[in-house]
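Student: Sequence:
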Amino acid sequence: MSERGKRSAVRLTARGAIALALIATLAAYVVAAVIDLPIVVGPVFVVASLLGVLLVNPRELLSLVVTPPLVFFVATFFVELGRAFGSVSIVQSLALGLFGSLSRGAPWLFAGSAIVLVVAWRRGLRDNVRDLREELRAGAEAPRPRQSFVPEPEGYFEPKVYGTARTED
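For the sequence shown, the numbering used here gives the first residue as 740, with consecutive numbering after it.
Simulated from the structure, these hints should not be mistaken for laboratory data. Where a beta carbon is used, it is the ideal one built from N, C-alpha and C, also for glycine. It cannot be assumed that every hint is accurate.
To be verified - Cβ pair distances, simulated, as ranges:
#1 Ala758 - Leu875: 27 to 37 Å
#2 Arg750 - Asp775: 13 to 23 Å
#3 Glu907 - Val827: 51 to 61 Å
All chains should be built: construct the whole structure from the sequences, respecting the hints.
Tutor: Right under this line is the structure:
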């Protein structure tokens, strides 16, 4: 079987992979609330992040590797915001809920981020970083066109007066 035959036909953009991880994490929060088992969220987040990095286009790996913490935070924020609406102090409930949920999810967040980084590195993240460096160097070395100062036309900043002056009686 050729190399092409081994690859998956499904390819996601970075946005698609991020959306996959976000939706899966939100769904895991819902399932965890229904069955009262909060340990479900972390593994689902890790699996969704892994699936996203495996299915994303290799040229978009650089965009994807920085997003797992953001995805986890956004999903947790929405869930805790929903929980906070039923309390007396929404801000206090939201802050405490975020602190607790992010603290419980920290090991899973670190694991998901590390797995995404390792898999992305093996899939070609190094090439993406090298290409970005070359683009930045080329942009810094390119001569910038000199812009000469073009003054505004005469009277541009002077206020226009319409009509005649009022006379007070």
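Student: A separate judgement is required for each hint: does it hold in the structure or not?
Tutor: A quick look at each hint next to the structure:
no.: 1; hint: Ala758 - Leu875: 27 to 37 Å; result: 28 Å, holds
no.: 2; hint: Arg750 - Asp775: 13 to 23 Å; result: 38 Å, violated
no.: 3; hint: Glu907 - Val827: 51 to 61 Å; result: 59 Å, holds
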